[in-house]
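Trainee: Take a look at the letters that make up each chain.
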Amino acid sequence: MAKETTPKTQITSELTVIPAHAVNIPMFQLLKEDGTVHKGAALPEIDKELALKMFNTMQFIRLLDERMFAAQRQGRISFYLSSLGEEAASIGSAAAIDFNDMIMSQYREQGALAFRGFTVDDFMNQLFSNELDLGKGRQMPVHYGSAALNFMTISSPLGTQIPQAAGYAYGQKLDGNKNCTLVYFGEGAASEGDFHAGLNMAAVYKAPVIFFCRNNGYAISTPATEQFAGDGIAPRATGYGMKAIRVDGNDILAVYQATQEARRIALEEGEPVLIEAMSYRMAGHSTSDDPSGYRTKEEEAKWRVKDPMARFQKWLEGKGWMTEEAAAEQMEAHKKAVLAALKKAETVPAPHIDEIITDVYDTPTQLQKEQLEALKEHIRKYPDAYPATAAGVK
Amino acid sequence: MAKETTPKTQITSELTVIPAHAVNIPMFQLLKEDGTVHKGAALPEIDKELALKMFNTMQFIRLLDERMFAAQRQGRISFYLSSLGEEAASIGSAAAIDFNDMIMSQYREQGALAFRGFTVDDFMNQLFSNELDLGKGRQMPVHYGSAALNFMTISSPLGTQIPQAAGYAYGQKLDGNKNCTLVYFGEGAASEGDFHAGLNMAAVYKAPVIFFCRNNGYAISTPATEQFAGDGIAPRATGYGMKAIRVDGNDILAVYQATQEARRIALEEGEPVLIEAMSYRMAGHSTSDDPSGYRTKEEEAKWRVKDPMARFQKWLEGKGWMTEEAAAEQMEAHKKAVLAALKKAETVPAPHIDEIITDVYDTPTQLQKEQLEALKEHIRKYPDAYPATAAGVK
Amino acid sequence: MAKMNLLQAVNSALDIAMAKNDKVSVFGEDVGHFGGVFRATSGLQEKYGRERCFNTPLVEQGIIGFANGLAAQGSFPVAEIQFGDYIFPAFDQIVNETAKFRYRSGNEFNVGGLTIRTPYGGGIHGGHYHSQSPEAYFAHTPGLKIVMPRNPYQAKGLLLSAIFDPNPVLFLEPKRLYRAAVGEVPEDEYTLPLGKAEVVKEGTDVTIVGWGAQVEVIEKAVALAEKDGVNAEIIDLRSILPWDVDTVAESVMKTGRLVVSQEAPHTMAFGSEVAATIQEKCFLYLESPVMRASGIDTPYPLAHEKEYFSDHLKTYEAIKRSLNY
Amino acid sequence: MAKMNLLQAVNSALDIAMAKNDKVSVFGEDVGHFGGVFRATSGLQEKYGRERCFNTPLVEQGIIGFANGLAAQGSFPVAEIQFGDYIFPAFDQIVNETAKFRYRSGNEFNVGGLTIRTPYGGGIHGGHYHSQSPEAYFAHTPGLKIVMPRNPYQAKGLLLSAIFDPNPVLFLEPKRLYRAAVGEVPEDEYTLPLGKAEVVKEGTDVTIVGWGAQVEVIEKAVALAEKDGVNAEIIDLRSILPWDVDTVAESVMKTGRLVVSQEAPHTMAFGSEVAATIQEKCFLYLESPVMRASGIDTPYPLAHEKEYFSDHLKTYEAIKRSLNY
Ligand SMILES: Cc1ncc(C[n+]2csc(CCOP(=O)(O)OP(=O)(O)O)c2C)c(N)n1
Ligand SMILES: Cc1ncc(C[n+]2csc(CCOP(=O)(O)OP(=O)(O)O)c2C)c(N)n1
Ligand SMILES: [Mg+2]
Ligand SMILES: [Mg+2]
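Sequences listed follow chains U, A, V and H, in order.
Be aware that the first sequence starts at 1, since it is given in UniProt numbering, and climbs by one per residue.
Be aware that the second sequence starts at 1, since it is given in UniProt numbering, and climbs by one per residue.
Be aware that the third sequence starts at 1, since it is given in UniProt numbering, and climbs by one per residue.
Be aware that the fourth sequence starts at 1, since it is given in UniProt numbering, and climbs by one per residue.
In isolation and in its complexed conformation, chain U is listed as follows (with noise of 0.2 Å):
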């Protein structure tokens, strides 16, 4: 039988109409933005190594976003979107999960993906959509996944894995093996219907799951300001009866530290927490858009100071750990190493013809065999038509 199902609450004969915005939600930050701590603030625990993995990883990652617009531009993929200005809040939280707890990514978070060990040529080989992608050329450029980095593969509808990620979690908790589900969305993905059912349904079920919002201020042109009129993303955890952090997303070090908090809530107590990360996206929405369409040059310079790099460098230079000329050359071997991979993939072919009907379903259906004969005997009509499978048709 059911228990009391009405909340308790008390009552008032005076009409009581709550504020729009009732909830005072204030934004964590440790480093401030020249990279000196906050007088009297205690820093998480990070040693040397972990540190330097995470700050090598966000220059690889800025390096791989600069050269593959730039690849992009030059015609040779035809799509790449940048993380320029997020990598705090994608490498920060993956730095303060476990191994094993599942990320589920929007698109965006690609430091994320970098600091479980995604390699230059992974990378490259999905953005070259060639033989060699573990996603078998299937999707566009920057939609990564990989199983054994426990990364799900990145599917372009928005706000979709958010109810994923509650079923996702459930399992784990099933299972019992003390894992979490990290989820990243946007502030704009968070407007889907999606979202409000993902959040409920983990919130209900008491799913470890670690709901983790980039607001980054705008959903390709459309600034937050447009698409909502709450004070972020959040309050809304309220509605669900969830906890929820605001932290800065510039601040690598904030991010670590409210992940595992997060984290350390979402399996201790048993209870999904929401997490907004507040940065900017510096760049364009992608390579199909330019931003100067919808917001000035002032806006973006008022975040260009705020920028996640240059605050953790100065950090890592006070404590020693890194200098300038370290940090420089490390981004040479970086640029060197994206290049390189870059060629290689380029010149890796296509998936072969016979990939086109795997992995529909667990094996091709009698009328999909038949559809790939006969395409087969196309291409071998007309082999000029399909240059990139003709080879490989005998």
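Be aware that one or more of the hints could be misleading.
Ranges between beta-carbon positions, derived for each pair [as the list claims (entries may be wrong)]:
{"#": "1", "chain 1": "H", "residue 1": "51", "chain 2": "U", "residue 2": "377", "range": "54 to 60 Å"}
{"#": "2", "chain 1": "A", "residue 1": "380", "chain 2": "H", "residue 2": "202", "range": "40 to 46 Å"}
{"#": "3", "chain 1": "U", "residue 1": "304", "chain 2": "A", "residue 2": "268", "range": "40 to 46 Å"}
{"#": "4", "chain 1": "V", "residue 1": "43", "chain 2": "H", "residue 2": "51", "range": "44 to 50 Å"}
{"#": "5", "chain 1": "H", "residue 1": "182", "chain 2": "U", "residue 2": "298", "range": "50 to 56 Å"}
{"#": "6", "chain 1": "H", "residue 1": "182", "chain 2": "U", "residue 2": "121", "range": "40 to 46 Å"}
{"#": "7", "chain 1": "U", "residue 1": "121", "chain 2": "H", "residue 2": "224", "range": "52 to 58 Å"}
{"#": "8", "chain 1": "U", "residue 1": "36", "chain 2": "H", "residue 2": "182", "range": "23 to 29 Å"}
{"#": "9", "chain 1": "A", "residue 1": "121", "chain 2": "V", "residue 2": "180", "range": "57 to 63 Å"}
Think of the hints as simulated: they come from the structure by calculation, not from any bench.
Each residue gets a CB set at the ideal place from its N, CA and C atoms; glycine is no exception.
Please arrange chains A, V and H with the ligands on chain U, whose structure you already have, making use of the hints.
Mentor: This is chains A, V and H with the ligands only, laid out in the frame that chain U set:
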């Protein structure tokens, strides 16, 4: 150009976890369970005529529900759904708004419709799907609607009317006609993605909508405790930057006043408002279920004493506007009217077969006309198999 | 063997699956303690606990989104959508996610463990929001399997196959027959093949194809035709996707005539695919065009349900049209 | 007359509609100041204000839900879904609400003023989430109209018809041709009829049916066939729902052969309905089965886009199969 997009929030260097229930939302009540007024409470202005109309409508609906529930059990109609125990929520709110305001209901707000002037015959014709039904016998019983009464025809899929209400109200706002939209839904339907969409959009566009949630503790067999982990529906408003009021749904005066205030905010302040009316579904979900399978008699008994009609009657008696005898007489009159209308509606024929293809498009397509002709030909051949319409096929 | 109605057969399949593999879970609106509005999941929460049989919040897109995640994690979720008419809020999760999950990841991930159960079809005075036959809406979706049983024996055997099939399956149950169809059903586990049609009755003059509850209608129509001396072959598709072209084509090559009888509105119902494919495969064998007996191109009505419905009489007339062409 | 590409033609139609009737409004993701990701709504916010041309939050079910309400209120909302691939979260609002609004209320209410615009189709390296042709998913829905223009002239004339048609219209724009198709378009208002096909080229040997961007593919295929001495008739359906059976049937009665060429995956693409209907209407005239050139039964791939696509060569081969049967 977009304005500053990131909410101004204060910064803290101490990790702050916002608790799961960060907003405290009391319940507004004027009449105590015994029908007396809370000490010091300021009652809304309400004249005798209006108060008696509200009471009379409550009685009518209670009688209608009781009789039609029985009629379903006798096999005279196929389905019925009663609003027992929740009459105050729909009638009190409908009474508080303007006749030209649009009402979009879920399905358990027959009180609002009766208050607007839907006659006992109107109800019966819909319930019997006869040719006088405004809806032409196309929907299951209780899916009422009337353009003349500004009451949108009810649709079974839950939650769909919520974003529709945002759009409807936006149109009212563009027209500048100083009317708003009152949209009803259950606490179960508030789990749908459409709820999230509708509230967020209304808040962004400052559309004059009153979102009226009837939290009656159940969605069919599912108790609210398995529907959400939050403190009901009201705190969700904060997530959208929307004002909210929680009211005792069994106190018609409180509902009336809360809705008046919500309407004032919607039209004068130009903002949507969320009202959560706390009540209890005294009957089963519909004629299709038996609540003893999922809740206790004790729980039901606890709520029976909160009955909204008895409470209001006591207040009316206290004012000297009603007596027990007069109330009983009125009830008797409703009974006669309902029984008479029932008998009448039962004998009205089904809609003519020509109506089978109308209103799908503004005019039937060629294919539909051919299908109708073929159908008539067929009915002529087998008139006995289609007794409801054969007579109308020449 | 035991006498079971279709609901009991579904319940038995779920029970066996849950007993067999503790990664099988069952959920949906009112599915927990109450056992679902049709009671298909009765007793399962008591038997397997609240963690494996439970109510969901009222959000179909969430139910399937959650189920996709759970399946990706390695479970066998059996998600119930209370009525087929309410599956559309989950359309994106099914068509863009479920069906493309394995493909888009190059088989890094899959939701093959997922089964979606939902009651479909008319005949219960449900009007257009409790009567739809939505199979055709999903049949344009490579990556999904769609299965529709016609009786208790099929329901159990096909559902057990669906649950453990390594692909996501949409399982549409004929609600009109939930209690009306009663038959002998083995109490133990057994499976029936997905993607394979069943020749329900052999015949030589004309082939009649249907699926789910419509097969019963076809049987009545064929009984009428028999009185006219017509010997019809009846094929139950059982699976809509992938569907068994060969069995139908073989039959039509023998009979030379084909009638499809279906509940959904005519235009773009699944019969269109059957007709399009068979006229291509069997062109030289067809003695008359493939005929379709379907619902009218309107939403499913309430008062005119009988008139709308492609009943045995309309199917019988279609058979005659096919024969007398 | 002016030279316009397809985007400019759409923009011109919207501009004219908004100028003509101030109950016309235009909205969707990024549709406001930015003018939409394809820039179809460029300049409209500047011209008609933020109240009539505006961004929406990122929620397709909300966009259509909101639009349904606005249309019910008496407006003419023109809602944009950024890509056809992202229309599925709005499937319930479209199929269960938009399409049934008038019918279920007995014409007390309707959303006839609603038009939903969305870009569809492949050929832009979009993979399976920026390339789908979803028309068939909606074509099973009485109450909806579905329109697909093939060039700038059609885009403007059909869109103006759609906006002021008293029924809800789903308007699918071939994004591959947005900038690639350029043609003479009248600057003033004009309309083209909904539900009517256009005979693009008369011919005697075989009928080829297509719609939207595929018509261009068909023209190339027919040019190849011409070299073999084949005189093909090309029909552009223009409307998928309701579709113009008579024009196609008449043509097939003349030519005796029919090929449908379509972008979507084969099974249950709209060509199935065309084939099913025409084999019934024209059975005695058909000299070979209706042939369908379609996409392969998989999601729309990226690396294998060329191979997947039912291009002019595959259409040409289908024409030959039809002729040489
Ligand atoms: C369901 C769906 N609708 C629309 C899109 C098109 N789209 C891709 S990204 C994007 C904006 C997303 O904004 P946000 O969630 O804030 O993430 P950000 O890009 O800022 O990281 C849109 C509208 C999509 N991919 N899926
Ligand atoms: C989209 C959708 N899903 C499921 C249903 C089936 N259904 C009808 S009423 C109901 C429960 C609704 O509960 P609530 O919103 O709390 O309203 P109440 O019945 O308590 O007034 C359900 C699940 C439906 N009508 N529509
Ligand atoms: Mg964003
Ligand atoms: Mg309820």
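Trainee: Hint by hint, note whether the structure agrees.
Mentor: Taking the hints in turn, this is what the structure says about them:
{"no.": "1", "hint": "H:51 <-> U:377: 54 to 60 Å", "verdict": "holds (58 Å)"}
{"no.": "2", "hint": "A:380 <-> H:202: 40 to 46 Å", "verdict": "holds (41 Å)"}
{"no.": "3", "hint": "U:304 <-> A:268: 40 to 46 Å", "verdict": "holds (43 Å)"}
{"no.": "4", "hint": "V:43 <-> H:51: 44 to 50 Å", "verdict": "violated (56 Å)"}
{"no.": "5", "hint": "H:182 <-> U:298: 50 to 56 Å", "verdict": "violated (38 Å)"}
{"no.": "6", "hint": "H:182 <-> U:121: 40 to 46 Å", "verdict": "holds (42 Å)"}
{"no.": "7", "hint": "U:121 <-> H:224: 52 to 58 Å", "verdict": "violated (42 Å)"}
{"no.": "8", "hint": "U:36 <-> H:182: 23 to 29 Å", "verdict": "violated (58 Å)"}
{"no.": "9", "hint": "A:121 <-> V:180: 57 to 63 Å", "verdict": "violated (35 Å)"}
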